[in-house]
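Protein chains: 2
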Amino acid sequence: MAHRVVIVGGGFGGLEAARRLAKSDVQVTVVDRQNYHLFQPLLYQVATAGLSPADIASPIRHLVASAPHVEVRMAEVTSVDLAQKRVTLSNGELAFDSLILAAGVRHSYFGKPEWEGDAPGLKTLDDALEIRRRVLLAFENAERTDDERARAAWLTFVVVGAGPTGVELAGAISELARFTVARDFRRFDPRSARVVLVEAGDRVLSAFHPALSQKAYVSLQEHHVDVKLNTRVLDVNSDGVQLPDAFLPSRTVLWAAGVEAPALSRTLGVELDRSGRIKVNPDLSVPGHPDVYVIGDLAYFPLPDGSSLPGLAPVALQQGRRAAKNIEAAVSGQPKKPFKYVDKGIMATVGRASGIAQAGALRLSGMIGWLAWLFIHVLYLIGFRNRLLVMLQWAWAWVTYGRGARLITGTTPVPESTPALPMATVPAREATKV
Amino acid sequence: MAHRVVIVGGGFGGLEAARRLAKSDVQVTVVDRQNYHLFQPLLYQVATAGLSPADIASPIRHLVASAPHVEVRMAEVTSVDLAQKRVTLSNGELAFDSLILAAGVRHSYFGKPEWEGDAPGLKTLDDALEIRRRVLLAFENAERTDDERARAAWLTFVVVGAGPTGVELAGAISELARFTVARDFRRFDPRSARVVLVEAGDRVLSAFHPALSQKAYVSLQEHHVDVKLNTRVLDVNSDGVQLPDAFLPSRTVLWAAGVEAPALSRTLGVELDRSGRIKVNPDLSVPGHPDVYVIGDLAYFPLPDGSSLPGLAPVALQQGRRAAKNIEAAVSGQPKKPFKYVDKGIMATVGRASGIAQAGALRLSGMIGWLAWLFIHVLYLIGFRNRLLVMLQWAWAWVTYGRGARLITGTTPVPESTPALPMATVPAREATKV
Chain F
-19 MAHRVVIVGG GFGGLEAARR LAKSDVQVTV VDRQNYHLFQ PLLYQVATAG
31 LSPADIASPI RHLVASAPHV EVRMAEVTSV DLAQKRVTLS NGELAFDSLI
81 LAAGVRHSYF GKPEWEGDAP GLKTLDDALE IRRRVLLAFE NAERTDDERA
131 RAAWLTFVVV GAGPTGVELA GAISELARFT VARDFRRFDP RSARVVLVEA
181 GDRVLSAFHP ALSQKAYVSL QEHHVDVKLN TRVLDVNSDG VQLPDAFLPS
231 RTVLWAAGVE APALSRTLGV ELDRSGRIKV NPDLSVPGHP DVYVIGDLAY
281 FPLPDGSSLP GLAPVALQQG RRAAKNIEAA VSGQPKKPFK YVDKGIMATV
331 GRASGIAQAG ALRLSGMIGW LAWLFIHVLY LIGFRNRLLV MLQWAWAWVT
381 YGRGARLITG TTPVPESTPA LPMATVPARE ATKV
Chain B
-19 MAHRVVIVGG GFGGLEAARR LAKSDVQVTV VDRQNYHLFQ PLLYQVATAG
31 LSPADIASPI RHLVASAPHV EVRMAEVTSV DLAQKRVTLS NGELAFDSLI
81 LAAGVRHSYF GKPEWEGDAP GLKTLDDALE IRRRVLLAFE NAERTDDERA
131 RAAWLTFVVV GAGPTGVELA GAISELARFT VARDFRRFDP RSARVVLVEA
181 GDRVLSAFHP ALSQKAYVSL QEHHVDVKLN TRVLDVNSDG VQLPDAFLPS
231 RTVLWAAGVE APALSRTLGV ELDRSGRIKV NPDLSVPGHP DVYVIGDLAY
281 FPLPDGSSLP GLAPVALQQG RRAAKNIEAA VSGQPKKPFK YVDKGIMATV
331 GRASGIAQAG ALRLSGMIGW LAWLFIHVLY LIGFRNRLLV MLQWAWAWVT
381 YGRGARLITG TTPVPESTPA LPMATVPARE ATKV
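Line by line, the protein sequences are chains F and B. Number 414 marks the last residue of the first sequence (our numbering); no jumps. Number 414 marks the last residue of the second sequence (our numbering); no jumps.
Because the hints were derived from the structure by calculation, they are not lab data. Treat the numbers as computed from the prediction; the structure is a model and nothing was measured. There may be inaccurate statements among the hints.
Note that identical chains are pooled: a pair holds if it fits in a single copy or bridges any two copies.
[Claimed, not checked] In silico SDA-like links for lysine to any residue, alpha-carbon gap of 25 Å or less: (1) Lys208 / Asp263; (2) Lys3 / Arg167; (3) Lys324 / Leu359; (4) Lys65 / Asp126; (5) Lys324 / Arg166; (6) Lys3 / Asp169; (7) Lys65 / Arg0; (8) Lys92 / Asp215; (9) Lys3 / Ala162.
All chains, please: the whole structure from these sequences, using the hints.
Okay, structure coming up:
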């Protein structure tokens, strides 16, 4: 009987491991709660109506279709029994000889899970569609009201957390308001919309060199994003966010401030870090469980300087490859090798024609940084079709300032009358601002 | 004060009227429950994962952005008071001098609304995403079960009604199974999926010449669609459909068998046809209400031969233009003119490289019919960007047999364990069919 490998999660790490193991004489099952692999670095583009879901997602089955020994299960993992080597799913059970946990992380509210309803985070495609819906509906509601204070709250967008996701979201929302929908409304000027980026630390994009953080900060201001550093969010409700010095009225608050491991990690009885990530050995296996590997965002991989590897796509990809190779080694009686991360650099974008990138001593910013970002992201998009489509859409958006996916879909698309807002009755033309 | 025109519905008819009136000295408000105009003839492509929602939809605001006298309200119309000339919305109220009702129709279950849950219809983008979800999940569930009868029910797709939507859906699902996902599963051959098209009448596409219906029938069979003519659906439940001669087990039933006017039409106190469509005068106004016009699918426009104009995009477009012109005439004291439909022909597609088209004495079928269909549909797609993207995706799909939008999104994406299905436990490789 072939060696059975179960991979939990079809993200960058899990998929890479599956593709590598497809060439070996093992039986692989990839379990994911979604049927698609998601190119997460571009998720903010879906949330801000620049790309369609299908542009950044491909069916996992399709990506491994040519590998007969790889099968895919669409299911939620409810528990893992490391001793019995069994994974329980929402709709079945799987036995394994080797296990790769690549389940990723969720956004975290630092002990305030009740904030989630009023401040959704961005990890999944459904998250992105929900954010898109809220952002677009905010403009619709601003058009509907005659109360200037209510309108200002609809036109204030607060993003909490100035990591790459937060910076990219804030920049894209500002562009959406200032260019894409600039001529679409009659009762207000969408360019009056305010985007506030709130960060508890003392600089944006703190994973980068301070000089690049500073350039990104300046660029955000040029993109009309109001950046509040050293500012903690004390409370979030449906009317806005409480900051230390004032209450900021806003009907659209987005959360990009932190991540934590899924609840599953705490049930395993293994060593975790503060956010629930699973500590791994240098060979990526879990201490005491040589056949269980953890890779990607879910892995806590300590570095000699006391820090740990960051949750980045390249880390996950390289770990997926290493875990697969170590399983192959174990099956054939060879020694496993420790994981060594090859740092090819990091990058982020602020908005139209502005990005930062660093690789070793090299630092790029502005238009050059943005082109580097564009090139790498399109290059790594999975599947030729998506790459071409995304390129074309971006080229078109570049020329026209357009965003093609401005659709409000979902169960309750019609703006609701809320008691807080007076009914708007439409006046004749004289009330129309042009 | 300018003449106030309210247009209910931003489909083909309503949008065309708004664009025409944008050039006149009137104040226009377009009300739609969605924020987008939908290119409905391609909706079946979204339902079968060939196109993304954004490829066939454009924000209504964007389409009228350059018209300062046209404003857009995203709202549901709850009632219309023809005497007081007021429209009540879910979130406000509108007074009008002239009204254009272009609210379209919904699918109808011939007095069996309880069938809707087990047999969704295809009228909106959310309908299409729900159908896509069900079709893709059916394959996932077929992969999960070990019970051959349960699997056969998951792999049987029933489409009720052989009008253009039913024929297009059936053809596309068959292609999806036989080509797109053909290599994606390990425990069954997707090519064994069965697509059954059930029609109460004695031919498919009955709006066409009988010779073309026959060609479409043959083409459907070549596309492995099992067509059952003269067959009434007696009951629908979650296990399948009851036909006169047998019960057909199927977990995916789609409804394309009839339409009816929205409930609103019955509250107006005007003359309706059997399906609730509003009878109009030759100038498209409602008898007794010279300032109220009804256009598109919602209008019942009697023809001299006792029939009425069909619910087609060209009819709606031309009526939108005529209603706009008649409002302009009324405002300037000119006489209104009767609507004259210029029939440019009708067309439908059966699947890859197979379509039918007729215009006057001209009849096309096969590849030529399909190319005509393709050309016209891409030509009429609103917005250059969408046209180019759709062309590119179709060209790519043509070469690769791929369908790029195979994403299962929505609230409950994970296949559920149902009592009717035994749990599947994944065996080792020997159980895997390749």
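Tested hints:
1. For a Cα distance limit of 25 Å, the shortest separation of Lys208 from Asp263 qualifies neither inside one copy, at 41 Å, nor across copies, at 60 Å.
2. Only between protomers do Lys3 and Arg167 lie at most 25 Å apart by alpha-carbon distance; the minimum there is 20 Å, versus 61 Å within a single protomer.
3. Taking the shortest Cα distances, Lys324 and Leu359 sit within 25 Å of each other inside one copy (14 Å), while across copies they are farther apart (45 Å).
4. Taking identical chains as interchangeable, the C-alpha atoms of Lys65 and Asp126 lie at most 25 Å apart only when they sit on different chains, with a minimum of 22 Å there against 62 Å within one chain.
5. In this assembly of identical chains, Lys324 and Arg166 lie within 25 Å of each other by CA distance neither inside one copy nor across copies; the values are 48 Å within and 37 Å between.
6. Taking the shortest alpha-carbon separations for Lys3 and Asp169, only the inter-copy value of 23 Å comes in at or below 25 Å, while the best intra-copy value is 57 Å.
7. For the identical chains of this complex, Lys65 and Arg0 are intra-copy neighbours only, at 22 Å inside a copy versus 68 Å across copies, given an alpha-carbon limit of 25 Å.
8. With identical chains, the CA atoms of Lys92 and Asp215 are at most 25 Å apart within one copy only, with a shortest distance of 9 Å there and 49 Å across copies.
9. When the C-alpha separation of Lys3 and Ala162 is checked against a cutoff of 25 Å, the pair qualifies only between copies, where the shortest distance is 21 Å, while the shortest distance within a copy is 52 Å.
Hint violations for this structure: numbers 1 and 5, all remaining hints satisfied.
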